[in-house]
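Participant: Protein chains in written order, with our numbering: chain A, 235 to 587; chain B, 235 to 587.
If you're looking for bench data, these hints aren't it; they were derived computationally from the structure.
Copies of the same chain look alike in the list, so a pair counts if it works inside one copy or between any two.
Computed cross-link-like contacts, DSS-like style, restricted to lysine-lysine with a CA-CA straight-line distance of at most 30 Å:
id, residue 1, residue 2
1, Lys533, Lys501
2, Lys274, Lys289
3, Lys289, Lys310
4, Lys255, Lys274
5, Lys236, Lys376
6, Lys289, Lys510
7, Lys460, Lys309
8, Lys538, Lys510
9, Lys244, Lys335
10, Lys431, Lys236
11, Lys236, Lys334
12, Lys236, Lys304
13, Lys309, Lys244
14, Lys460, Lys244
15, Lys274, Lys309
16, Lys289, Lys538
17, Lys368, Lys504
18, Lys309, Lys423
19, Lys423, Lys289
20, Lys304, Lys255
21, Lys334, Lys244
22, Lys289, Lys501
23, Lys236, Lys335
24, Lys304, Lys289
25, Lys236, Lys423
26, Lys274, Lys310
Protein chains: 2
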Amino acid sequence: MKAWEENIRKVVPYVPGEQPKLDNIIKLNTNENPYPPTPKAVEAADLFDLDLMRKYPDPAASLLVEEIAKRYGLKKSQVFVGVGSDDVISMAFLTFFNGKKPILFPDISYSFYSVWADVYRIPYVTPALTGDFKLRREDYFKENGGIIFPNPNAPTGVYENLEFIEDIVSHNQDSVVIVDEAYIDFGGKSAIALTEKYENLLVVQTFSKSRSMAGLRIGFAMGSEKLICALNDVKFSINSYTMNQYAIHLGVWAVRDEAYFQRNVNKIIKTRETAKLRLRELGFSFPDSMTNFIFATHKTVPAKKIFEALREAGIYVRYFDAPRIDNYLRITVGTDGEMEVLFGFLEEYLRKQ
Amino acid sequence: MKAWEENIRKVVPYVPGEQPKLDNIIKLNTNENPYPPTPKAVEAADLFDLDLMRKYPDPAASLLVEEIAKRYGLKKSQVFVGVGSDDVISMAFLTFFNGKKPILFPDISYSFYSVWADVYRIPYVTPALTGDFKLRREDYFKENGGIIFPNPNAPTGVYENLEFIEDIVSHNQDSVVIVDEAYIDFGGKSAIALTEKYENLLVVQTFSKSRSMAGLRIGFAMGSEKLICALNDVKFSINSYTMNQYAIHLGVWAVRDEAYFQRNVNKIIKTRETAKLRLRELGFSFPDSMTNFIFATHKTVPAKKIFEALREAGIYVRYFDAPRIDNYLRITVGTDGEMEVLFGFLEEYLRKQ
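So here's chain A without its partners, still in its complex pose (with noise of 0.2 Å):
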């Protein structure tokens, strides 16, 4: 090893859920809308100026930030956008996960959370989930730099309320609380009416999910002004341009077309319900899911077995090869009609077990 590759930095990638260069594909393995963006955001689209391309867009991404602030009730010094909320999560590692005592998140959660601690050099400590899924609120009342966990979390879709919620971040005044809602606007209630009492709570949305908009990259956070212009500082000491021109365009009609958002969400709740009782129907067990998709076992089959047949017939969900989870699937929640494929393998696939 020559003496410039001992300076590395040496990490161990996250490694995100395949994406298919094949068509025919049905496509469950990443928890990405079934269903396109608003037709508004479409139209938009056609109205954008390409001699816009060659400048660079405002910094502040102030009209998507001003959007977001509307739909939220909130003021625009108390929004951030980011490249995804992967961009946004990452940059509030950084900024606020600072100290020497280790941050807490759960044992099975969004595996990202380790790689970025690991990156960044901060301590953690992962407080095992019940046999359940669920969260253990008196683990996070320990002494902590920091606490971050999904509501509902991934990849089990377990929800919790906003008084667990509140429990938590009153019990730890003394850092912040960072709850990820990438799926909360699937049936859950969003903590963002406690970030006016607690100054100390971020809360960070998607557009990858319930807006459709995963390939357009955008990601947001809401907390007080103290939180966010602390975000904003650490951003503009990073990147000053992340939010490309187009992103910034179409974003905004994605929050203002709120109508098309409710109806989009609406429609993949009423398949998730569905899809809940085909799945014990065909012996598969599930915690109750508050997100785009189910996070499933069988009573015989093992998951890895039924995950490489699925595979094989060009239906793809997600397996994670880790502790406690490893006969699970992730199934995302598709259209109707790709669920009906979906089953309709299963079910024959399951007959011949």
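Starting from the known structure of chain A, arrange chain B on it as the hints suggest.
Facilitator: Chain B in isolation, oriented as in the chain A frame:
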């Protein structure tokens, strides 16, 4: 100050050039290209399938990486892409400048370098440019944890030839050397050719200047497979999907249309050379520029005064209130028409001083 506030990372953020929201501004302050991107990208934009938006982009941005690799005669594994060259360089700081020894960059240079070093807590030393804003090669022959400089340098516009670059790289085979070539296409010769010989040399370029796509946010790095692999590992530890679908899609066309690129760059070079004559006639002097800007000082009137008068007249140029350069204006090369307005104003204005 509350306990959680003490854990916030303290930074002094970079301040980007102003993006005025007014129309009728002649904007020569952020080195944008005055001409639109290739019409091929405009056509491609119309063909862009909005339904793609709901899906995550290819995390490797393969289409774009492949196109860049082809254009520069490299393998795909030798190209890294990011959200503007700021994202690429910031990632390179985090990846490569990871030792205890100070990194080196010129005292007068891209002002983001010290901001990144601060945010990532990288020690640094900034050797002074000569009186006529040249790098002194011997300054970079001492022990260090890494080296970065722009070529041509910003905001001076001064270009060093490949013999000079190679001398620095060959003296520094124990560190990663980064040449930031944001402005190389306006007449300089890229150090890409040297990356074959030196596997510790990283060359960074951008679509924001010569390819008229500042608004799309595309930057890229080229170098040995070892360097690119290390960069990708860190990138995948921070954000899997940084380039949005639209940027990947249109960026490809910017690279493919080589003829447009050459014409665009040549137009700017021609305008720049005329501008040099006119500025000299008006009493300005400047280091010879190989970029799309000119870094000029006036023989009698202070730069700050001219800057303010121009701003008043709706002509934005960049002024840096920093030691050694506070009597200079950085003037972006605009269209011939824009430059005429600038010269017309200056002629009038300077006559009255």
